[in-house]
Amino acid sequence: MKTKVSKIVSYFGYELGIFILLGIQAFLNREMIINMENDFYSYYLVDFSMGFNSRMLVGSFINLLTDNPTASWLKGFMIAVLVIALLAVSLVIGRIIRCVDKEKRNILYVFVLFFVFGTLTMYGFSRYFGLLDVHMFLCALLAVVFATNKYLRWFVPVLCVAGVFIHQGFALSFFPLVIGAAFYMTFTDENKKAKKAVFVLSAAATVAAVVYCVTIGTETMTITFEEMCEIV
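Sequential numbering of the sequence shown, starting at 1, is according to my numbering.
No wet-lab data here; the hints were simulated from the structure. Worth double-checking, as some hints may not be accurate.
List of simulated lysine to aspartate or glutamate pairs, EDC-like, C-alpha gap at most 16 Å [to be verified]:
#, residue 1, residue 2
1, K75, E37
2, K75, E31
3, K150, D101
4, K150, E190
5, K75, D39
Produce the entire structure from the sequences given, and follow the hints as far as they go.
As structure tokens, this is what we get:
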């Protein structure tokens, strides 16, 4: 049993180390998590029953999970999402490190350290706990990973649309990463037509979602901003 555990730890050494570092970083921001801004709860309490528009997707998911989303329940949900994000990043980075030639890994380690400890990278998700950015980031991360798989890549446009309905800021913040990865994949040798189709569909679906949210979507709202604040 100990041998199996040691083999697992040895194989996932990169992932485990990165996850521990990210966990320590989040722990150092625990005061921000404990003293979460009350305004951030609004993002988790509005859903598609109030209008089919941006910022409503996460609240609609919450509505499926519970009929009584108390402050403590919401905070627990957000902590779980943060842990999932840290774990996902650890798995992806660990995979990237193992795929790089050993003589080039020293350069990669520098970028990994910057990504783990950078002020505008993973640090922000615990420092500004409660914002929807972590949900958009997960959509983008999954989209980039899915783009490399011949079966899952067809879900990339869906994830892009989901990102917009989490918050339309996805189009300017995380979508460039996704579309950049999709564009890069079109230059690889295997099945270029399918990869080009994913690139075009992802771009078209995201643009269509943004246009909808800033035009038609606003007309679907059944409550005013003031009424939403009262509900919160």
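Structure-based check of each hint:
1. K75 x E37: Holds, at roughly 11 Å.
2. K75 x E31: 13 Å, holds
3. K150 x D101: Roughly 24 Å separates the two Cα atoms, so the pair is violated.
4. K150 x E190: OK: K150 and E190 at ~10 Å, within 16 Å.
5. K75 x D39: 13 Å, holds
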